[in-house]
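Participant: Residue numbers (our numbering), protein chains in the order written: chain A, 1 to 281; chain B, 1 to 281; chain C, 1 to 281; chain D, 1 to 281.
Source of the hints: derived by calculation from the structure; they are not laboratory data.
Be a bit skeptical, because a hint or two may be false.
[As the list claims (entries may be wrong)] Okay, derived cross-link-like pairs now, DSS-like style, lysine-lysine, Cα gap no bigger than 25 angstroms in a straight line:
| # | chain 1 | residue 1 | chain 2 | residue 2 |
| --- | --- | --- | --- | --- |
| 1 | D | Lys-228 | A | Lys-228 |
| 2 | C | Lys-206 | D | Lys-120 |
| 3 | A | Lys-120 | A | Lys-25 |
| 4 | C | Lys-25 | C | Lys-47 |
| 5 | A | Lys-206 | B | Lys-120 |
| 6 | A | Lys-120 | B | Lys-206 |
| 7 | D | Lys-228 | C | Lys-206 |
| 8 | A | Lys-206 | B | Lys-47 |
| 9 | C | Lys-120 | D | Lys-206 |
| 10 | C | Lys-25 | C | Lys-120 |
| 11 | B | Lys-25 | B | Lys-47 |
| 12 | C | Lys-228 | B | Lys-228 |
| 13 | C | Lys-120 | C | Lys-206 |
| 14 | B | Lys-25 | B | Lys-120 |
| 15 | B | Lys-32 | B | Lys-120 |
| 16 | A | Lys-47 | A | Lys-25 |
| 17 | A | Lys-32 | A | Lys-47 |
4 protein chains.
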Amino acid sequence: MGSAMAANLLGAGHEVHVYNRTRAKSEALAEKGANIADSLEEVAQSKVVFTMLANDAAVEDAVVGSNGLSAHLPSGSIHVSSSTISVALSERIAQNHTMRGQEYVAAPVFGRPDAAASAKLFIVASGTPGALETVSPLFNVLGQRFFHISEDPKAANLVKLTGNFLIASVIESLGEAMALAERGGIERHRLLEVLTSTLFTAPVYKTYGGLIADRHFEPGFSAPLAQKDIRLLLEAAEAMNVSLPFASVIRDRFLNLMAQGGSELDWSAIGSMAARDSGLL
Amino acid sequence: MGSAMAANLLGAGHEVHVYNRTRAKSEALAEKGANIADSLEEVAQSKVVFTMLANDAAVEDAVVGSNGLSAHLPSGSIHVSSSTISVALSERIAQNHTMRGQEYVAAPVFGRPDAAASAKLFIVASGTPGALETVSPLFNVLGQRFFHISEDPKAANLVKLTGNFLIASVIESLGEAMALAERGGIERHRLLEVLTSTLFTAPVYKTYGGLIADRHFEPGFSAPLAQKDIRLLLEAAEAMNVSLPFASVIRDRFLNLMAQGGSELDWSAIGSMAARDSGLL
Amino acid sequence: MGSAMAANLLGAGHEVHVYNRTRAKSEALAEKGANIADSLEEVAQSKVVFTMLANDAAVEDAVVGSNGLSAHLPSGSIHVSSSTISVALSERIAQNHTMRGQEYVAAPVFGRPDAAASAKLFIVASGTPGALETVSPLFNVLGQRFFHISEDPKAANLVKLTGNFLIASVIESLGEAMALAERGGIERHRLLEVLTSTLFTAPVYKTYGGLIADRHFEPGFSAPLAQKDIRLLLEAAEAMNVSLPFASVIRDRFLNLMAQGGSELDWSAIGSMAARDSGLL
Amino acid sequence: MGSAMAANLLGAGHEVHVYNRTRAKSEALAEKGANIADSLEEVAQSKVVFTMLANDAAVEDAVVGSNGLSAHLPSGSIHVSSSTISVALSERIAQNHTMRGQEYVAAPVFGRPDAAASAKLFIVASGTPGALETVSPLFNVLGQRFFHISEDPKAANLVKLTGNFLIASVIESLGEAMALAERGGIERHRLLEVLTSTLFTAPVYKTYGGLIADRHFEPGFSAPLAQKDIRLLLEAAEAMNVSLPFASVIRDRFLNLMAQGGSELDWSAIGSMAARDSGLL
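Using the sequences and the hints, build the whole thing.
Facilitator: Here it is, written out as C-alpha cells:
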C-alpha cells in the first residue's frame, strides 16, 4: 500500500523521501525518483511524514518508540498515519505528538492495493483544520475522495474499523442467506443475481457475494488480518461500554474459520461458515 | 398493495374482477373500470387470479379454506399468490392446487406501496414454465422486473423472506455502527455520509441509514409485521436445520423494541436499540 | 413415562383405567391390575384422568379433538395433563375445559423414565386449589415432591420448559468450558472434577458434564425432542416479547448438531459443538 | 483476600513476612505476629512468596517489573501467584521465572473474602510436582481443598477464569428464566424455589438466584471486575481460536449494564438485564 501511495505522490511531482527497515524495498521507488532515507530521523525532516505499516506493534515502535519518528519530528511538522490501528494506540500517538508540538493526522484508507495504485482510495481523516488544509492536496493525489471526520484523530481510526465491520456484516448476512437458500433448493448464484439486481446494488454485495457463491476464497485480505480489525473494533467498543452483537457473531465466525484450518483464506470465507454449520460443506 | 396492482392491470387494458370481503374497499377500483365480484367463487372464474393478503391466516382461509379459492378454481387456471407468507403454507397451497390440477405461481414482491403504484415492484416468482409464460405479461405491467426462481413455488417465498432478512441486517449493522460512532464522538449523519459515499452506495443504506441517523421511525413497514417475517424466516430455517445467528440477533431486537413500547414504529427502529443498550437513549 | 406412573398408582391401591390407541401397550398394566378401556369416552368416566403423550399434536387430538377427552368428560371431573406441551396449547385446553365446566390441572414432570418408575418425579402443577387438593394424594404417589405454581394452568407448562432451558444452559456452558480447557492443555475430566467438587455440585453438572467429558452421547433424551422443547420455550417467549439470548444460542446448537448428523444423539451432544467449532472434533 | 490468607498462615504457626506498598495496610497483620518488610527485595528472601493483587497491571509491575519480585528472588525459591490474572501474563511470568531458575506456582482461588477468612477457599494450582509438594501444606492451611491442575502454570489461571464464566452463565440463565416466568405470571421467588429444590441444588443457584429474585445487587464482586474476568477469558479463548457464544452474550450484558449506570452494582445485576430488555424494569 505504502509503495503505491509513494509512487502516486512522485507521479504528481512531489519530492518524496522513503524509509523502510529493509532498504531493498525502497529501491523500486528510487527508480521512480524517490530519495532513500537511511533512518526515521532522516525522513522526519520532511514537512509531512506518512506512515503505512502492518499493525499496532509496528506503528507503536516506529512512531512512539525510543528512537521513533516522534523523537525526531520538528515541532510544527505533520505526521499522517494511514495504517489501520487501534483507537487506543491512535490516542496515545495523539498525546505524544501534542506534547511535542507536532501535528497528527489519522488518515486510514478504504481500498485494496489496486485501488491504492490507481489513486482510487477513499481517505478518512481526522486532525486539526490547519493540518488538514496542508495535507489535502496530497490526499487528492492519493485517493478519489477524502473525508474530514473531526478534529480528534482517533475518530478516523474508529470510522475505518466501522467500515470493515459493515463489510464483514454484509459477508455474514450473505453467507446465512445463501446457506438457507441452498437448503431450500435455490441456486446460490441465482439468489445473488436477484439480490444484487434489486435492493443490494452496492459493489460490496456483488464482490463478496460472488466469492461466497463461487466458494472461492483465495486471499485478498486474509482472515487473520480481518479478525484483528474486528478485535480492534470490539476493544474500542468495550472501552466505551458499547455492545455490538453482530460484531460478536463475526468474531466467532473468524475464530471458527481459523480453528478449522482457514487461516490462509480471504476474509470472505466466513461467508461459508453458515453452510458448514448446516452440513452443506 | 393489491389495489395499486389491480389499478395498474386496469391501466394496461386488462379485464379485472376484484373481490374484497369489505365491498367498499373495491369501489375505488370500480371507478377505474374493475368489476366487483361478490365472492371468491365469482373471481375464481378468471383465467388468472391474484391474491394479495396480510398474513398466513388470511391466505390460508381465502385459498385453502372450505369455501376458499381452491375449491372453486377450474382445473388449468392459475393462482398467483403475491402475499408474504410462510414457506410451509406455500407448500400446503402448492399441494392443494396440484391435487386439483390448478396452476400455482408464488410471486411475492419487493417494494413499498408507492413502488406498487408506480409499477416499480420487483417480482420474485416460482411455478411451472407454462404458468410463468402466461403470467409474465402481467408481471411486466406490475413491476420493473421479475425473476423466475425455480419450479418449486415455495422457493420464491423463501427468497422474499431472505430479502427482508438482508434489509434487517443492514439496519442492525448500521444501528451498531452509529451507536459506536456516537459514543466515539462522531456525528451520526457524518458517518452515514462517509459510508454511503464510498462502500455502501445501495439505496437501502441511504434510506434506512437516514432514518436511524434522524431517529425518525414513523411507520412505513411496522415493527410487528417485520418481526413476523423474521419469524417466518427462522421457522423455515429451523425446518431445514439451518442456524442463522444474525437473524436471531434481529429477532431479539424486535422483541425488545416491542416490549419497550415500540410496536407502533417502523421496523428501522431496531436500528436504535444499540444506542439504547449503550445508554445513548 | 405414562406406564410407570400408572403402575405406581396401581401399586398404591388406586383403581386405574388405561387407554392407549395401541391396545397391546396397555396389557402389561392389565397384569398389574389395570382395567383396559376401549376408548377415550370410557376413561373419561373416571373422576381424575391423566394424559401423558408425546407432543402437542397428540395431546391436541386426544384432548380437544372432535372425539377427544374433553367431549366426553363430565362437568366437574378433572383432567391432569402431564405431557410437555406448548404454553399456547395449554391455554387452549384450559379454555376448552372451562367452557364445559371441567377442571384442568397442568402437571408436567421433571425426571427421566427411571425416576418415573421409582416415583422420584418432581411434579410442577397449576390449577384451581380445589382440583389440586383432590389430585395431591395422587401426586404424592407419583413423585417425590410436587409444587403448586399458580391457578393458571399454562404457568406450569412454562416452568417445565424453563427447567429444560436451564439444563440445556448447563450443557452448553460446560461444552464451552471444556473446549476452552482442552485447547489450553487441561484434561476434560480433570476440569469437571474441579468444577463439581467446588461450586457446581448439583447433579446436573455431574451427569451432563460426565457425558460431555466422555463424549458419550447415547440417547436418553434425544436431540430433536429437546430441540422441540427449546422451540416451545422460544415461541412462548416470543408471544410475550421476551428475548432469551442464551436460548437462541442453544437453538442454533441443536440445529447445527442435527444438520451435521446428530439427530440420533442425546441432547447433551450440543455440549460437543464448541469442541467441533474449535477444530477439536 | 491477601490479609485473610496471611492471617491464616500466622494462625497455623508459620513465619510470615508481609509487604504492601501502603505500609499501614500491613499493621493489622503485624499485631498477629507478621514481620513487616520494607521492600519486595526483603520479602523475596522467603522460601515461598505469595502474591495476591488486584489485576494484571499490578501483578506485572510487582513481579516482572524492573524492581519486581523476580529480580530479587533467589534461584530455587517459589513464587505462588494467587491473583486472578490473564493467561498471557501468567505465561510471561512463567518464562521469566524459568529463565532465572525460580519456581512458579499459579494458584488462583475460588471464594469470597469471608471464605478466605474462614480458610474455606478452593485453590486451583499448577506448577512442578516438587514446588507443589513444598507448598501443599500451606494450601491446606489456606483452603478447604486444593487441586493440582497440571505442570503448566497458566492452566490454573484458565481454570479460574472458566469457573467465573460458569457462574456468570448461571446468573444469565436465571435472569432469562425469571424474566420469562414473570411475564408469564409466575412469581420470581416461587420459580426459584422450584428450581433449587429439584434440579439446581448447587449453592450458586440459591445465592445468585436469590439476588436476582430480590433485585438486590449490593456489591460483593463488582460488575467491572467481573467484566474484566470475562474479558480475560475471551482473550485467552481468542488466542486459541475458541469461540464461546455464551461468554459473548455475558460480555454484552456487562457492557449494557455499565453503560446504563450499573457500574457500582454486584455482577449478579446482569441477571436483571433480561427483565430490562423485556420492559419489566
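Participant: Give a verdict on every hint.
Facilitator: Status of the hints after comparison with the structure:
Taking the CA atoms of Lys-228 of chain D and Lys-228 of chain A, the gap is near 20 angstroms; set against the 25 angstroms cutoff, the hint holds. Taking the CA atoms of Lys-206 of chain C and Lys-120 of chain D, the gap is about 22 angstroms. The hint holds against a cut of 25 angstroms. Between Lys-120 of chain A and Lys-25 of chain A the alpha-carbon distance is near 23 angstroms, which keeps this suggested pair within the 25 angstroms criterion. In summary, the hint linking Lys-25 of chain C to Lys-47 of chain C is supported, as the alpha carbons are separated by about 23 angstroms, within the 25 angstroms threshold.
For the hint linking Lys-206 of chain A to Lys-120 of chain B, the alpha-carbon distance of about 22 angstroms falls within 25 angstroms, and the restraint holds. Restraint check: the Cα-Cα separation between Lys-120 of chain A and Lys-206 of chain B comes to about 22 angstroms, which is no more than 25 angstroms; the hinted pair holds. A hinted pair counts as satisfied when its Cα atoms are at most 25 angstroms apart, and Lys-228 of chain D with Lys-206 of chain C does not qualify at roughly 28 angstroms. Under the criterion of a C-alpha separation no larger than 25 angstroms, the hint pairing Lys-206 of chain A with Lys-47 of chain B is inconsistent with the structure, at around 39 angstroms.
At roughly 22 angstroms between alpha-carbon atoms, Lys-120 of chain C and Lys-206 of chain D fall within 25 angstroms of each other, so this suggested pair holds. For the hint pairing Lys-25 of chain C with Lys-120 of chain C, the CA-to-CA distance comes to about 23 angstroms; that is within 25 angstroms, so the pair holds. Only pairs whose Cα atoms come within 25 angstroms are accepted, and Lys-25 of chain B paired with Lys-47 of chain B is accepted, the gap being roughly 23 angstroms. The hinted pair formed by Lys-228 of chain C and Lys-228 of chain B meets the criterion: a straight-line CA distance of about 20 angstroms does not exceed 25 angstroms.
For the proposed pair Lys-120 of chain C and Lys-206 of chain C, the alpha carbon gap of about 19 angstroms is at most 25 angstroms, so the pair holds. Between Lys-25 of chain B and Lys-120 of chain B the alpha-carbon distance is near 23 angstroms, which keeps this suggested pair within the 25 angstroms criterion. Restraint check for Lys-32 of chain B and Lys-120 of chain B: satisfied, since their Cα atoms lie roughly 20 angstroms apart, inside the 25 angstroms limit. Taken as a hint, the Lys-47 of chain A and Lys-25 of chain A pair is honoured in the structure, with Cα atoms around 23 angstroms apart against an allowance of 25 angstroms.
With a C-alpha separation of about 21 angstroms, the suggested pair Lys-32 of chain A and Lys-47 of chain A falls inside the 25 angstroms cut-off, and the hint holds.
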